[in-house]
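Student: Sequence:
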Amino acid sequence: SELASRSRQPNITVPAVELPDGQFIYDSFRIAEWLEDSYPDAPSLFTGDGKPSSDARPEHVVTGKTYTRLIDLGLGASKSEWAVWYDLFFPQLDQQIIGEEHRAYFTSDLRLGPQGYQKLLALDRQELIRRAKMNIQPLVEVLRERPNQYFQGTHPGQVDYIIFGRYAYCRMLDPVLTKEIWDEQGEELSNWICKLSQAYDGHAQKLFNSF
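Numbering (my numbering), first residue to last: 15 to 225.
In case anyone wonders, no lab produced these hints; they're calculated from the structure. Wrong hints could be hidden among the right ones.
Unchecked claim - Taking lysine-lysine pairs in the PhoX-like style, the calculated list, with each CA pair at most 25 Å apart, reads:
#	residue 1	residue 2
1	Lys147	Lys193
2	Lys220	Lys193
3	Lys220	Lys209
4	Lys209	Lys193
5	Lys209	Lys147
6	Lys65	Lys79
7	Lys209	Lys79
8	Lys65	Lys209
9	Lys147	Lys133
As the structure is a prediction and not an experimental result, all values here were calculated from the model.
Using the sequences and the hints, build the whole thing.
Tutor: Here is the structure:
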């Protein structure tokens, strides 16, 4: 791909950031670490207290990074061993692939395994929805234990952005199904979604409204 050629890293994936010196950073967690180090006067992504990274205690950052990485590799991942999201929303994702060359790759046995495309389309949708709702329940419980807060703490952090990224993935592909799975599981999660959607001048909400 063009990105692999420019970066000279054959295994590079998106999201990726090209630095002024020509180096590339990819993987959301690594990018977050780079942002934390590069912008010490901005709120820390890992402590959840809204204070600048430069004021963060090292042990709090380490704990926050560990928490973040667990979420990143679990709910934030698309692997069916950890979460159900890729399998559940595959039919909708399939409709969004633009270009025959790209579609041929993303639906190929090379990408999905032997007869993977057919197997994904044949999965029991109701069972996938049931599993998705089970995935959501721990999130609801965490927010119930800390009213009016975020997953990272009193302020949003990288854990919130990972989870919201998974929500946004679902929301962009199927708003109706997403409402059933995410918004209707409890007011705590619904309120959290609203706050993140309206953050940064409502950037996410504007994007949702454009589709």
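Student: All the hints need checking, so say for each whether the structure fits it.
Tutor: Evaluated hints:
no., hint, verdict
1, Lys147 with Lys193, "11 Å, holds"
2, Lys220 with Lys193, "17 Å, holds"
3, Lys220 with Lys209, "13 Å, holds"
4, Lys209 with Lys193, "16 Å, holds"
5, Lys209 with Lys147, "21 Å, holds"
6, Lys65 with Lys79, "16 Å, holds"
7, Lys209 with Lys79, "23 Å, holds"
8, Lys65 with Lys209, "19 Å, holds"
9, Lys147 with Lys133, "22 Å, holds"
In the structure shown, no violation is registered for any of the earlier numbered hints.
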